[in-house]
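Enquirer: So you can see what is in the structure, the chains are spelled out below.
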Amino acid sequence: MARGREDTVIVELGHFALVTALAAAFIQTIIPLIGAARDDARWIAVARPAALAQFGFVAAAFLALIIAHVDNDFSVLNVVQNSHSAKPLLYRISGVWGNHEGSMVLWLQILTLFGAGVALFGSELRPAFQARVLSVMGALGIAFGLFILLTSNPFARVADPPLDGMGLNPVLQDPGLAFHPPVLYTGYVGLAVSFAFAVAALIEGRVDAVWARWVRPWTLAAWTALTVGIAMGSWWAYYELGWGGWWAWDPVENASFVPWLVATALIHSVIVVERREALKTWTVLLAILAFSMSLLGTFLVRSGVLTSVHAFATDPARGVAILLILGVFIGGALALYAWRAPRLAQGGLFAIVSREGALIANNVVLAACAAAVLLATLYPLIAQTLLGRTISVGAPVFEFFFPPMIALALALLPVGVALPWKRGNLHIMSLRLRFAAAAAIGLVALTLAFVSASAWTVFVGLLLAAWVAAGTAFDWSERTKLGRDAFGVTIARAIGLPRATWGMVIAHFGLAICTLGIVVDSTWKQEDAVLLKPGQSVPAIGYTLTLEKIEPRVPHENYTSTRATLRFDRDAKTVLVLHPERRFFALQQTVTTEAAITTTFLRDIYATLGEQRGDQWIVRVQWRPLVAFIWIGALTMAFGGMVSLSDRRYRLGVPMRSRRRPVEVAAE
Amino acid sequence: MRWLASIALMLTLLIPLVARAVEPGEELADPKLEARARAISAELRCLVCQNESIDTSEADLARDLRHLVRERLKAGDSDQQVKAFIVERYGEFVLLKPKVDAGTSALWFGPFGLLFVGLAVAYFYFQHRRAQALEGFLTGDEERRLGNLTDVGRRWPDDSNPPR
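Residue numbers (the working numbering), protein chains in the order written: chain A, 50 to 717; chain B, 1375 to 1538.
Since the hints were derived computationally from the structure, they do not count as laboratory data. Note that beta-carbon positions come from the ideal geometry of N, C-alpha and C, so glycine has one too. One thing to keep in mind: the hints can contain errors.
SDA-like, lysine to any residue: derived pairs with alpha carbons at most 20 angstroms apart [unchecked claim]:
id	chain 1	residue 1	chain 2	residue 2
1	A	530	A	469
2	B	1473	A	427
3	B	1473	A	430
4	A	471	B	1499
Per the computed footprint, the stretches of chain B lying under chain A, defined by three or more beta-carbons under 8 angstroms from a beta-carbon of chain A, are [stated by the list, open to error]:
id	region
5	1464-1471
6	1479-1491
The following label-pair restraints were derived from C-beta to C-beta distances [to be verified]:
id	chain 1	residue 1	chain 2	residue 2	range
7	A	130	B	1450	48 to 54 angstroms
8	B	1467	A	621	50 to 56 angstroms
9	B	1476	A	213	51 to 57 angstroms
10	B	1486	A	199	40 to 46 angstroms
Please build the complete structure, drawing on both the sequences and the hints.
Expert: Listed below in structure tokens is the structure:
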């Protein structure tokens, strides 16, 4: 089991690999930058191997850390503080990034992975431009490499190795944790590529359609990962935290949501650059801001300046260090922007009623949403510093301003999709949209004939979801000329649509599904809390609920479980049986609730076991209509991103070839 | 009018039942009072938890506060009075929804202000860009006058020479 320090040098090798990676990062940053400035092909050529080397060395360090965790090497401080010999293997691995030091190594690992990606798949980039991009990414590697080695070294040894570790926070011992952070970080850090492209373009003073075509796939990939990561986090909160909430406007949730909003704006504005060479300076600014928000999120989480459920291992000294990194990169990029952006050539003209105009409105709304969420998240800090007041900004505040603001974006979506580039015609647009409007109103009227709602906001929410879905559907039918030709011709047209168009249609549908889930679950969910003795029955959420039995304190690998058997009957027939649990982790003296959930397409039934009161147990049950749509919708959006990513025009590393067009399709 | 009344009835009946950490036996008998207690609880912070309201928290302190809220309501306090009572004891930090005053006006009005300013800036920038781009082109009137003077400055839509 636990090996002594004399047994293994793997940890030292890992430490050494991390230092070597830092050296590679210095080379990757300095040599190619000078080479690009002096147009020296040999110095430029250093960029790619250096990026690959940095990736390789970080991977070696990361692997060494994983081995230390898997091997229960309690001579390593990081393992002592976060692991325990009784912890299952999966959590010994995922525990590597379930703590501050390890999660920063993961951060660096993903950064260098993207760096290697740009080195390998960026063959269509101009070599000098690629060198500059890699140089910027190398600089990020230096900053985070130094940060890890100087303030958060995961390879630090302890002088007197204890016999066992302190274990991982039980709430984090969940399969969700194994995958949520890596995916989320892929999104966060992927935005570094867009950032590096923007900075490199500012250095060169050139932003054009070709630049947009290069930036778009990387941004799409990061956005897709960020979408999946946020959805996973939300789902994890829903089933693990025990009260069925999927979004609490927690500072850390916001720290991932703000970059998502900015990245969403970016993937839309970069289309305008690609198609029309307009909005260039704005798009470059968004690319800088999207990653800046990722860095800011990292700072907020790691420094612990905001109270949050996610703030493990917070430390003011690290906060100052990250603040410094933040200042250098955000400040530096924005200064470069202020200096160089005015020189970028202006692009094509367009009328305000046009696809471009609608996309600008989309960008303004999304940017305002991002700024507003950021403002509210930071407001306690602002009030503390400037006014000396200690205030809280909780979910009720976000629920006050966010829905009406994002509603504007949803309302504009079908309009933007229906408008042509350059100049649109309001009359033709309204003709195209009246079917969508009629369909949306019809759908909502039909829905409300069966159920009723208590607030006008519900009508608006349902209407928006239906409007987005109908607008997207009618746009698709326009592009395929559905019903105007033989069915086979329509199918051929649909197949011939560019993948990017399919991606857009799918992602917008996903948005409609997600909106529907949010509105329906928030409006019609039902919850009951009851006290039950084993064998007792009560009516709850439309069922007869029976607590059949309680199995107390069943021992497991590193916890004991108290498991309830709940029977739901309707019309004297058993509909389902659920087994919610309470788990007691003796090591940490912590109880976690394991919700039992059964999902059908249309509703979730959610049960948790509460505390014991005498010979009775608190049982909470919830009926959650369409709640799964929230995550299905988010994943559909991400799938749209992937489909768009597979478009021949953006396929990474594939040489350009003129696209085959089997059937004439409507222009995008 | 009867259908209107039945819709109104349906609307009031289907107000969502929300019960979270509230334990059985905690609820007040009067459903109206209980609904008010729930609404107030959702806006009060559980001080020993991380970013949770007392309505969703299982912590003992949260339960005590829920009891306190309900007692004050039974004693006939208004919603405002209940919140003021809690704030007096636990400080402003306990409010998840800070009250609107000079210090929080930027929080409450900032988001919509940002949206409005953003849209305005985008609009004026658009106008400015358009004006800038059209500078150097003659206006329709100028072109007509020039055409009258020289009879050659006139351009036709397709850039060909005007017919003689």
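Enquirer: Compare the structure with each hint and give your call.
Expert: We went through each hint and held it up to the structure:
Distance check on the hinted pair: residue 530/A and residue 469/A sit about 16 angstroms apart at the alpha-carbon level, within 20 angstroms; holds. Taken as a hint, the residue 1473/B and residue 427/A pair is honoured in the structure, with Cα atoms around 17 angstroms apart against an allowance of 20 angstroms. Pair hint residue 1473/B plus residue 430/A holds up; C-alpha atoms about 17 angstroms apart against a cutoff of 20 angstroms. Our distance criterion of 20 angstroms between C-alpha atoms is met by residue 471/A and residue 1499/B, whose separation comes to about 17 angstroms.
For the region 1464-1471 of chain B, the stated coverage by chain A holds: 7 residues have a C-beta nearer than 8 angstroms to a C-beta of that chain, and at least 3 were required. By the rule of at least three residues with a Cβ nearer than 8 angstroms to a Cβ of chain A, the coverage given for the region 1479-1491 of chain B holds, with 8 such residues. For residue 130/A paired with residue 1450/B, a C-beta distance near 53 angstroms keeps the hint of 48 to 54 angstroms intact. For residue 1467/B and residue 621/A, the Cβ-Cβ distance of about 51 angstroms falls inside the hinted range of 50 to 56 angstroms, so the restraint holds.
Under the hint 51 to 57 angstroms, the C-beta atoms of residue 1476/B and residue 213/A, about 55 angstroms apart, fit the expected range. Checked against the given bound of 40 to 46 angstroms, the beta carbons of residue 1486/B and residue 199/A, roughly 43 angstroms apart, stay inside it.
The structure is consistent with each of the numbered hints, conforming to all of them.
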